[in-house]
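Visitor: Chain by chain, the residues:
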Amino acid sequence: MKKYNFLVVIAFLFLACETEISNYKTDNLSNAIIVYGEVGNLIGPYSVRINTISAYSPYDAREFIGKPVEGAKVRIVDNIGNTTILGDFGNGLYKTAILFKGLPGQSYQLKITTADGLEIESSIEKLQTPPQLQNFSYKFIDAEKVENMRFDVKASIKDLEGEENFYFIKKQEFIEFQTTCPAPPPPPAPPPPCYFKCWRAPLNTQPTLLNDFLVNGKNLPLNIKSVDAFDWTDYVVQLDIQSVSKQIYNFWQRQEDQRTIGGGLFDKIPAQIVGNLRCVNKPDQEVLGAFVVSGTTKQRLVIKRFEAMGTAAFQKVEAYADFNNLRNKNLPLLDCRKAGWIDYNLGFSIPEF
Amino acid sequence: MNLKRAILTAVFLTSFLNVSFAQKKEFLLTGTVKDKTTGRPIGSASVLFSGYSFGTQTDTLGKFTILLSPRNYQMSIRMIGYKLYLERINITEKTDQEFLLTESEKLLDEVVISAEKSDANVNRALMGVEKISGKTLKKLPTLMGEADVIRSIMLLPGVSTVGEGASGFNVRGGNVDQNLVLLDGVPLFNTSHLFGFFTGFNADMVQDLSLFKGGIPSNYGGKASSVLDVRTKEGNFEKWQFGGGLGPIASRVLIEGPLWKNKTSIIVGARGSLSDFYLKYFNNPSLKKSQANFYDLNAKITHKFGENQRISFAVYTSTDAFKFAQDTVYNWNTQNINLKHNALINRRLSHNFTAFYSKYLYGNKGQKEFYEYAWQPSVIQKTLREDLNFDLSNSSRVYFGGEANYYINDAGSFLPNSAQSIINTFKMPVENARELSVYVGNSLVLTKKVNVDFGVRYAHYSLLGPGSFFQYQSGKPREITTITDTLTYQKGKKIKSYGGFEPRISFSWKMDSTLSLKFGYNRMQQFVHLLSNTMAISPVDIWKLSNAQLPQQIADQYSFGIFKNIGSSSISTYETSVELYYKNLKNVIDYVDGAALYLNPIVETQLLVGKGYAYGAEFFIKKSRGVKVTGWLSYTYARTFRQATATSEQVAANFGLTFPANFDTPHNFKVVFNDRLTNRLTFNANLAYNTGRPITYPNGRYKIYAFNDVYNYLISNNLIPRDGLEIRSYVYEGQTYKFLSPAQITEILDGYSAPSFTLRNQERLPDYFRLDAGFTLDPKKKSKMNSSWNFSIYNILGRQNVYSIYFRSATGLRNQARTYKLSVLAVAIPSLTYNFSF
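Residue numbers (this note's numbering), protein chains in the order written: chain D, 993 to 1345; chain W, 429 to 1266.
By construction, these hints were calculated from the structure, which means they are not laboratory data.
Among the hints, erroneous ones may be present.
Said to hold, decoys possible - Short, incomplete list of chain W residues facing chain D, as computed with Cβ under 8 Å: (1) Gln502; (2) Ile911; (3) Leu959; (4) Asn961; (5) Thr962; (6) Met963; (7) Tyr1130; (8) Leu1147; (9) Gly1152; (10) Leu1153; (11) Thr1164; (12) Ala1171; (13) Phe1185; (14) Gln1228; (15) Thr1239.
Glycine residues also receive a C-beta, built at the ideal position from the N, C-alpha and C atoms.
Could you build all of it, start to finish, from the sequences and the hints given here?
Guide: Now the structure itself:
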């Protein structure tokens, strides 16, 4: 009764009710073109994707991605006048040559001519100095239960003093996984080769945004989620720290605002998020997305979980992995590359760094 | 003989002249009308003289003055809820008398829905005015046991809100910051507690309130749309009284009494919330760490220098704090002090002098380790004001006066709040401004049928130094890249001025005793603005003074009305009215898409200056007096629109097209019902219906492919598509068996999914409907300890009215932008409140 009274009276904390509307849909009423491309100081290739918008239909698989815009002429022009033409790889994907890279201090502009004659241009973006990543390390935190064991990962950016800096950070994880080899045939048949160690790279489309407003010149700590200790395989955390312009930062900040809205008091009035692209010869042609020119620092942290955890912890983790059948013992495989139930199964190796 | 005749003639003429002089000579009758039991003054009581067409009304201090020819009069004093007072009075000299009215026992408490006589709506020149007494407030069904000024006026036609939990209210298409809300003449910048769930006014302290939706007299100014004038009680001059109430969320206490009997009184009302206490008991760790509390305090000391002069000193303070399991505490605080002096200078002239200091603090504090900060903007207003009333005759009253306001708007510097914090100090500008205004008005009874109230106000505003302001390149929209110069001004130096006349006129033609036609026009200016680009006003939205880029908002309202009373019985009268209005708004503020208002020293780059208009028809029928049943019913059809076009100095909002304002709800229907079941037991019910407010829907969805390095790697290394195996299963004899089956390994190109938006506010939320009901058990008469109970159920149907529908972008594998709706107060909420007084 007491608890009921508390429940009744605190209306604004829990009598509010959020529910998903699953049957809202609208046909695609827009002819907007979506462009996203990047150029940085690291060796390429750099890609630009061009698609159309799709209908707002919750679970219609045909509207999962927009239709690719193919046959466009895509080029990147720098402030000196050099033009780099991107190759058309089909399905709306256009890429530079492998060795192409931008230079800090130079400015770049993306120009697109679609097959039906639309001229799309980005603003001229300067390639900022790549940021300095510091203290990228990890520490094992032991605990009684495996669920509470973890590897705390930390990193920070040394911000440049005296100027406004904006950072766009991508985090990609590469996790080694193991499968179970089948039982060897009885002798004298030799056991066949078994490849049981592969890598997976779960998709992460969640950016991290930082700026040095109010913390100019300081070390800016990154908020990186801890790595679990459910298994003792290697775990790689890769950070791409991009130093971007204020306009690109604001573009992504508004995207993030739209992702975190709760329908309450502090939500901004929704409005189209326009990046740094526009159609030059047809002003009412909407172009969404962004062309990001960034000074990029890329680093990987290899977490040797087996070596870091110690014998006692390892025994617990081993028991945990066995109990939870992480190796799929009942489904032995000779080749872990064939494990189709593992999302983003990369096979034996991860992309070169 | 000649001398004798001359003397007789002289005596005769002298006598004649004396008689004539005596006949022409008038005497002043002044009086004070009071409640016989409590000794409180009774305002708005009608003072009439049988057989004569003239009369008068008492003011809020219960006083009246009238010039009368010397004769005998049958005088009557009428006030709803009191027995008719009759007295034969012989006027032969200046007379000052006290009149004590006895509360009516047989007539029910008819001050349920009006603080004035039931024919006041027909008689008075002003239109668009509603008055509610303090007693009425306590009769209406409440949310969580708290009588609420703002919720009460939202039951009136022409008043609406964006949604539950939204601070403030909208009047006839005006923004929330366009309402001048006065507490004993002192403006409030925030009228609510806990994001609008509770009002900032302690109902125990409220004497009465008046809402001017239109027909605003010239003595009011400073905001563009409406005036809500809330007056608090004075303390009891006769005896000490205590009272209070215990409710589920908040409780209150009231103490009043004579510090010096019949000379000096004091009244103190305090209210506080209990919500923090409850939060500790929740198992949910987020709720345990949360904070949500408020308190407010009103205090007033009044001293009488005789019957014609008094001085009062009042204090109001209000505090809110809110934190929901995060590292940020939001807070807001109001502190007001005011000093008033009112006096009857002579038989025709009275004056009111007011001096006040008002400070509104808002902001937040961050508590995250190493990132501790404090941001505390504030608005300070200092005012001196003089109001004078002069009775030219019984049918003409002139009122005039002026006020001087000084504003200090501190946008709030961002400061580190601990020794370990890495936050740098960030200074924000402080704006200073002065607003001077003078006004004159005349309430005139032109004929028996025609009343007019007209006047003009002149307001002059100056933004003053010290300060630095940016100059922008002309011919280009304001942006950080178009700043050409920084201009620095010394203290007191005038930076920018605005001003203008504000004519006001209300005209009433009384066709008969029960029917009148009215016409009104008023212009209002506003120099202090609230910046908010969120769906609803939040307490940490930013205040801003007019500057070079932000001229004053101007509203011109035209209104026309027909007022008809039905029923000849003095007990059962229906007041009906139809009011039509059109409001034109200039220089309303809009925002660039995704405007960054927070901690932005060049916030003018985010603002757009636009225009708007609103129109509507309000249909109202009210039964203000009745033995059993009273209440009202209203229907309003109202629209309100905004537009911000591109100019040489700004970009457009919504492509420069006109769009419905966030609070545009075309159909509004409200019912208030009170049924006196017994002498002590009253049943109350409210019904509110309105069209859903406008929202912006997406016209599509798109993905941003910024995270496809791994996908590209798989493609370029021919890793997808490739042959592989998938897990499949079958069930045999109740057991599930898994096996591997050949399959193709491939991945979908995935990305950051976002909704694409188009024109603003073209769709609507579902309609809003709510029914509240409750019972009030009044105290027993003549008992020493007066106890009353109020039981009410808010949203008795438990309807999940939609507060907002929103479209969230999504990340993660195969996630799409999705649609959600949020309902606030989505269940029936009962509450039980105990009130006491002795």
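Visitor: So, against the hints stated earlier in the document, which numbers end up violated here?
Guide: Numbers 1, 2, 3 and 11 - these are the hints that the structure violates, sorted from lowest upward.
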